[in-house]
Amino acid sequence: MNVTITTASKQEEKSFESDAAVYVITSEDIRRSGATAIPEVLRMAPGVQVARIDSDKWAVSIRGFNDRFSDKLLVLVDGRSAYVPLFSGVYWNSIDYLLHDIDRIEVIRGSGGAVWGANAVNGVINIITKHAKDTQGGYVSLTHGNVEKFIAETRYGGTTKAGDHYSIYAKSARRGDMKNLADNTDSSDDWEMNRVGFKYNKNIKQSEDSLSIQGDIYDGKSNQLYYFPKDVTQEVSSEADIIGGNIVTKYNKVFSDDSKLDVQFYIDYDSRNITYLDRSNRTIDIDIQHYYRYHSQNELLYGFEYRNVHDNLRKNSIDGVEYLVFDPDKLTFEIADFFFQNKTEILPKKLFFTLGSKFSYNDFTHFSVQPTARLSYFPKENHHIWGAISKSVRTPTRWEDGMTRVTSVNGANLGTLSGNKQYDDEETVSYEIGYKAQPMDRFLFDVTAFYNDYKNLRNLLYSSCSGEICTDIDNSEDGESYGGEITSNLDVNDQLRLAISYSFMRLIMTDGGAEYAENRVPRNQVSLKSYYSISRNLQWDNILYFVDNLTDTSRSVDVDAYTRLDTRIAYSINDNMAVSLVGQNLTDHYHQEFGASLYSKTREIGRSIFAKVEYEF
Amino acid sequence: MRILLIIILLRFFVGASYACTEEDAIKMSFIFRFVEFIDSKWPKTDAQQAIKLCVFGDFDEETKNTYLGFAGKNVLNKKSAIIPNPKNITNCNILYFTKYAKSYKEFLPRDESNILTIGDIPYFNHEGGIIEFYNHRNKIRFRINEAQAIKSQIQFNAKLLEMGSN
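First to last, the sequence lines map onto chains A and B.
Following the numbering used here, the numbering of the first sequence begins with 32 at its first residue and continues without gaps.
Following the numbering used here, the numbering of the second sequence begins with 71 at its first residue and continues without gaps.
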C-alpha cells in the first residue's frame, strides 16, 4: 500500500511520506476495475469527479469546476502534458493506452503549481506506463461487448544483446453509441481509435544512469450529431478525424546519492477536424531538473522548463455561419519556468519543512509566481500529519484570449461569446491538511481537508449587440471551496481486500456565479471496492459508486444523483490465458452524468457488458 | 429669452426624467429578446392572454410613448401589453423598474411569484431583483441573479446560460 511515487514532488518518495494528498491507482487496481478507458479508472480516486458525457468524452476534475475541458487539473502521461492548450483540457479519447501496460496512475489532489506550473491548481494526474523490462514477452487481448464493440490489443517486448529493453504495442478499439436523454434514441456518437507505440529503455552499463525513448501514433474517428443555433431542428452528422503522435526522451544521470540530473524532451502533435473547427497543435518541451542534497538535513530540487506551442485553428462555415473563430487563427506561444523546492529535516525523521516556488513567464499574462510552504510531522512511525499553504495560478487559454463563438442566431444577427485580450490569470490560495496512518501492513487510513480561496475567476458578462445577446468574459468572479476526502484500505485476509473513499466538498461563488461552477460539483461521492480472490484462478471484483446530484436546476447540467455498480469475474485458465466478464453500470439502465458537449444534446450512459480474453506468452 | 432660461432651469431641476429614448428602446427590445430564453412554460397564462409588462418610472410623455410603442408586439407567441405605473401589480408578468423609477424595494423579492423582475438600477440584483441592467464601457449590459430566479420560479432555458460552457 505504500507505493513509490514521483509526481507529488517531482522526485521519488514513498506515498506515505509525501506531504500532499496522494492516491495511487495501481496496475492491479486498473486490471480489477474492469475499466476500458482511463477516465473510468479515475472514478475510484477520492476527490476526483468523473462524469461521462458520451461515448468518448468525459468531464474529469479534482475538487470542483468540472467541465469537458476542466482547466484546473493538469494531466500528464509519463511526464508529458496531455492537455490541449486551446481549451486547457484533455482529449481523453486520444490517450487510449494499453491499460495492461500502465504501471500506476498517481493522483495528487490540491495545488501542484509550485512543482508543475500553471493549471495544476486543484491537482495533477500522472499516468505512468511500465518500464520496458516489465512488459517483456507477448500479450494479446480481445474484448467484445454491447458498448465496447471491439478492442484488440497486442504487445511484444524483448531485450537486446546489449541488455536494453524494448516494447512495442498496437491497439484498435471501437465503441458504440450512448442514448439521447430527451427521447432515448441512439446518439450516433460511436468512436474508433487505432494506435501503435513503443518504448526503449537503454541499459547504461556500470551505472545507475538511465535513458529512455518512447512514442505513440494514433488515428481515429469520432462520430457526433450536432444541432447548430441557426436551425436547432436540423441534425448535422459529422465524423471528426483525430490524428496525433509524440516522442518523449528522458535521460537520468546519477552523479552520486546526493546529486542527480533529469532531462526530458518531447514533441507532441495532434490534429482534430471537427465540423465547426479544424485544429492542430504542436508542442515542443524541454525540462531539466537537478536534485542536490547540499547538506545532511537539506535537499534541493530545482529545474528549468521551456515549452513552445504552435497551433492552427481554422474555422469552418456551417450553413453560412462561422461558429467558432479565433484571433489569431495561427499562433506560436512560449512558456518558460524555473522552480526550486528545498526540503529541510528539522527533527531527524520527525519534522520536515519544505519551501518551494515556481517562477513562470508566458506570452499571455507574462510573469507569475506560485509559492508553497509545507510541513510534515511523523509523531510516531506509520503516522504522518502534514499541512501546506500554496498559491497557484491558472493562465489564460487560447479560447479565453481570442475566440468568438456563435451562441444564437436571429436572422442576420448573431449572438456571440467572445474572448478578452486582457484576460488575466486566475489565482488560488489553498490551505490543506492531512493525516495518514498505516498502523498495520494491511490497514491504511488517509484523511485530508482543504480550503481554497479563488480570485479572478471567469465571469460572463451579457450585453446587447444588434438586438441579440452577446456574452464576453472577464476575471471579476471570486469564489471559495472547502471539503475533505477520506480513504481507507483494509486487507481482510489473503483473499479479500476492501477499500472505501469518501469525498465531500462545497464550492461557493461570490457573485452568484454567472458560470454556475458551484453547481457542477457533487456534494458527496463515495466509492466502495472489494477485491475477492475466490481461489488462485478465480477473482470476483466489485466497485460501487455513489455520486451526488449536480444541483443546478436552471442550466443544461442538471443531473440527478446516481449509484453505479461495476463488477468483474476473471478466471485464469492457465499461466498464460485468462478470461473475464465485466458488467458496468449494472444498477441503472440509463442515467445522465453531465451536460452536453458543444452544439450537441445530452446523452445518457447505459449498461455495458463485455467479455475479455487475454493471452501472455 | 426668459422662457429659454426657465426651460433650461426646469431641465436642470427635473433631472433624471429627461428623455433618452434610444437607450430606453434598446433596453425594451432587449427584454423582449431576453424573455425568449425563459423556459417555455412561462408565463402560466393562456395563449389568448397577453404578456403584461409593467413599467415603472417617473416618465415624461416622450419616454412613456417610447415604452407604449412596444405594446402589441409579439413575444413568445402572445401579444404584449405595456402597463405604465400600475397601482395593482398582481396581473403583471414582468416588473420593469426603469432608471426613472423612484421606488422599487418594496416590490422585491418576489419569491414563488413566477414574475420576472428587471431593474435598471444599481444593486437591483442585490435587493432581490432577477435581472439588472448596467452600463459598462459604453455597452448596455445585464446581470442575472440566478438564485432569485429559482426562488421566483423562473427557469432560464439552458441555451442562455450555456453560452459560457464548452
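Please note that a few of the clues may not be correct.
[Said to hold, decoys possible] The calculated EDC-like cross-link candidates involving lysine to aspartate or glutamate, where the alpha carbons are at most 20 Å apart (straight line), are: (1) B:Lys209 / A:Asp503; (2) B:Lys209 / A:Asp240; (3) A:Lys346 / A:Asp358; (4) B:Lys111 / A:Asp208; (5) B:Lys134 / B:Glu92; (6) A:Lys281 / A:Glu499; (7) A:Lys236 / A:Asp301; (8) A:Lys560 / A:Asp505; (9) B:Lys143 / A:Glu499; (10) A:Lys164 / A:Asp195; (11) A:Lys261 / B:Glu106; (12) A:Lys161 / A:Asp214; (13) B:Lys209 / A:Asp195; (14) B:Lys221 / A:Asp505.
Bear in mind the hints are in silico, worked out from the structure with no lab data behind them.
Hint check:
1. B:Lys209 / A:Asp503: holds, 11 Å
2. B:Lys209 / A:Asp240: Not OK: B:Lys209 and A:Asp240 at ~62 Å, beyond 20 Å, violated.
3. A:Lys346 / A:Asp358: holds, 11 Å
4. B:Lys111 / A:Asp208: violated, 32 Å
5. B:Lys134 / B:Glu92: Satisfied, since the Cα-Cα distance of roughly 13 Å is no more than 20 Å.
6. A:Lys281 / A:Glu499: violated, 53 Å
7. A:Lys236 / A:Asp301: violated, 36 Å
8. A:Lys560 / A:Asp505: violated, 43 Å
9. B:Lys143 / A:Glu499: Holds, at roughly 17 Å.
10. A:Lys164 / A:Asp195: Holds: A:Lys164 and A:Asp195 sit about 9 Å apart, inside 20 Å.
11. A:Lys261 / B:Glu106: The given pair, whose Cα atoms are some 15 Å apart, holds under the 20 Å limit.
12. A:Lys161 / A:Asp214: Since the Cα atoms of A:Lys161 and A:Asp214 sit roughly 44 Å apart, the hinted pair is violated (cutoff 20 Å).
13. B:Lys209 / A:Asp195: violated, 66 Å
14. B:Lys221 / A:Asp505: Cα-Cα ~27 Å, so violated.
Violated hints for the displayed structure, listed by number in ascending order: 2, 4, 6, 7, 8, 12, 13, 14.
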